[in-house]
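Assemble the whole structure, with the sequences as input and the hints as a guide.
Given next are the chains, with one letter for each unit.
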Amino acid sequence: MYSDKVMDHFTNPRNVGEIANADGVGEVGNARCGDIMKIWIKVEDGIIQDVKFKTFGCGAAIATSSVITEMAIGKTLDEAEEITNKSVAEELEGLPPLKMHCSNLAADALRAAIEDYRKKHPITA
Amino acid sequence: MSEIYLDHAATTPLRPEVLEAMLPYFNQEFGNPSSVYGAGRRAHQALDQARDTVADLLGAKSEEIIFTSGGSEAANLAIKGVAWAYQTKGKHIITSAIEHHAVLDAVLWLKQQGFEVTILPVDEEGFVDPQSVQEALRGDTILVSIMHANNEVGTIQPIEDIGAIVRAHGAFFHTDAVQTAGILDLDVAELNVDLLSLSAHKFYGPKGVGALYVRKGVRLDPLIHGGAQEKRRRAGTENVAGIVGLAKAFELAQAERGEVTRHLIQLRDQLLQGLQAIPHTKVNGSLERRLPNNVNVCFQFIEGESLLLNLDLKGIAGSSGSACTSGSLDPSHVLLAMGLSHEIAHGSLRLTLGRENTQDQVTYVLEEIPIIVERLRAMSPLYNA
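Top line first, the protein sequences correspond to chains A and B. Position 107 of the first sequence, counted from 1, bears residue number 107 in the working numbering, the numbering being contiguous throughout. Position 302 of the second sequence, counted from 1, bears residue number 302 in the working numbering, the numbering being contiguous throughout.
Bear in mind the hints are in silico, worked out from the structure with no lab data behind them. Ideal Cβ placement from N, Cα and C applies to all residues, glycine included. Do not take every clue at face value.
[Unchecked claim] No farther apart than 30 Å at their CA atoms in a straight line, the calculated lysine-lysine pairs in the DSS-like style are these:
| id | chain 1 | residue 1 | chain 2 | residue 2 |
| --- | --- | --- | --- | --- |
| 1 | A | 75 | A | 119 |
| 2 | A | 42 | A | 120 |
| 3 | B | 61 | A | 5 |
| 4 | A | 52 | B | 314 |
| 5 | A | 119 | A | 86 |
| 6 | A | 52 | A | 120 |
[Unchecked claim] Derived Cβ-Cβ restraints for the label pairs, each shown as a range:
| id | chain 1 | residue 1 | chain 2 | residue 2 | range |
| --- | --- | --- | --- | --- | --- |
| 7 | A | 100 | B | 228 | 43 to 53 Å |
| 8 | B | 89 | A | 86 | 52 to 62 Å |
| 9 | A | 93 | B | 358 | 48 to 58 Å |
The following block contains the structure:
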């Protein structure tokens with residue numbers, strides 16, 4: 001039911017954990033529906049240096065969280081904001097139809113973390 | 001690594017003895033039981049014999065057994081069949097919140113057709129209170145359907161007591177015995193039931209065949225029209241090989257029941273004890289009145305599907321009541337009805353044992369599960385170790 005790439009990220013998730021003194025933190029989902037994703041980001045000079053995640057959820061939820069950390073590291077905030085749930089699913093070589101909505105929230109979590117960062121670091125030109 | 005199969009409540013492997021009993025009826029004794037010539041008569045004889053066996057095992061008469069395509073059809077025939085046949089007498093039906101969907105959805109469909117439905121709650125161990133049945137009965141109640149034992153949490157209902165109450169009131173009582181046939185002793189007189197559903201593949205018989213006991217005198221409108229088979233209550237050429245297999249499997253299960261039950265209870269209690277040693281773990285269902293093969297626990301802070309995938313990677317087959325595994329957005333209706341929160345219900349694990357499971361397998365499972373649970377908790381934002 002899951003692609004090899006999903007199973008790879010599920011069995012061997014990248015960047016699990018938290019970042020102490022993170023520059024931005026985002027959390028989406030709720031335990032009621034069975035998926036919560038929390039993402040921490042470290043930002044330097046407008047570039048995402050590090051991303052870590054913790055996820056409560058199914059195989060797809062864990063794999064999408066894992067893969068987005070790889071997609072986001074090294075990107076500018078503007079670039080990272082353009083990552084969509086759809087592009088995360090594509091990066092994983094597809095997700096089962098049932099999982100496209102409920103468990104594919106990683107891009108939302110990343111955007112929430114970036115938003116949090118921007119709030120804490122207003123541009124003072 | 002060979003697979004450790006711990007999902008016997010979902011289905012069981014066909015026993016070789018059962019397969020052997022079935023084989024001649026595919027290509028040698030292939031006659032249509034309705035035909036008058038020799039091949040037809042021999043197939044009919046096999047059907048009669050199977051019916052006698054099943055009736056005997058249930059303490060019923062042969063004419064009280066209807067063969068169906070499985071447990072779901074048996075339950076649908078019981079519920080819709082009685083509802084349609086008695087709708088001029090009354091339109092009220094009572095069932096419980098933790099029924100299998102074959103019962104629950106059939107009852108809810110009847111509700112759409114204008115029947116009135118009472119769905120009884122259960123307590124935190126999954127029991128229906130017989131007193132609540134008494135209180136729900138009305139002058140126009142025609143049918144009560146309460147399952148014998150729950151497929152998810154293994155709670156065994158006080159069916160005898162509920163049956164006595166329903167009978168005294170003059171309504172009909174159906175029990176879904178899909179999880180108990182072949183596992184518990186079933187006697188329709190002792191259980192005080194008018195209708196009872198069972199399914200062959202839950203007791204090492206073939207898939208696609210089940211049976212419905214219907215007490216003499218209870219009328220049923222058929223679901224399937226088109227022939228005189230099963231005394232006009234279920235049209236269609238009989239699944240002779242499947243029916244022969246059902247009877248053989250039921251017979252074997254009953255003969256070996258005592259020995260197998262002791263084995264199952266030993267493994268079950270070992271699993272329950274081992275899993276309870278994991279912190280933040282809750283056992284679901286009753287410890288006293290529980291199916292001998294059922295283990296159901298919730299591990300807090302983790303989700304069921306990711307648990308199952310990890311178990312599968314270790315060669316262990318189990319099931320979960322999480323939303324992702326139920327194919328809906330909500331976790332198990334059974335666990336929710338027992339008062340569990342959505343969060344906790346998402347982390348449920350059901351392991352159901354079978355006769356071929358071993359002590360070594362249970363030991364292996366108890367070594368692997370704590371590691372998996374800890375690993376998933378370590379990546380859960382809900383868990384603060």
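Right, here's what the structure says about each hint:
1. A/75 / A/119: Given that 30 Å is the threshold and the Cα spacing comes to 19 Å, the pair holds.
2. A/42 / A/120: The given pair, whose Cα atoms are some 13 Å apart, holds under the 30 Å limit.
3. B/61 / A/5: violated, 57 Å
4. A/52 / B/314: holds, 27 Å
5. A/119 / A/86: OK: residue 119 of chain A and residue 86 of chain A at ~26 Å, within 30 Å.
6. A/52 / A/120: holds, 19 Å
7. A/100 / B/228: 43 to 53 Å: holds, 50 Å
8. B/89 / A/86: 52 to 62 Å: holds, 57 Å
9. A/93 / B/358: 48 to 58 Å: Violated - the Cβ-Cβ distance for residue 93 of chain A and residue 358 of chain B, about 39 Å, lies outside 48 to 58 Å.
Of the numbered hints listed earlier, those contradicted by the structure are 3 and 9.
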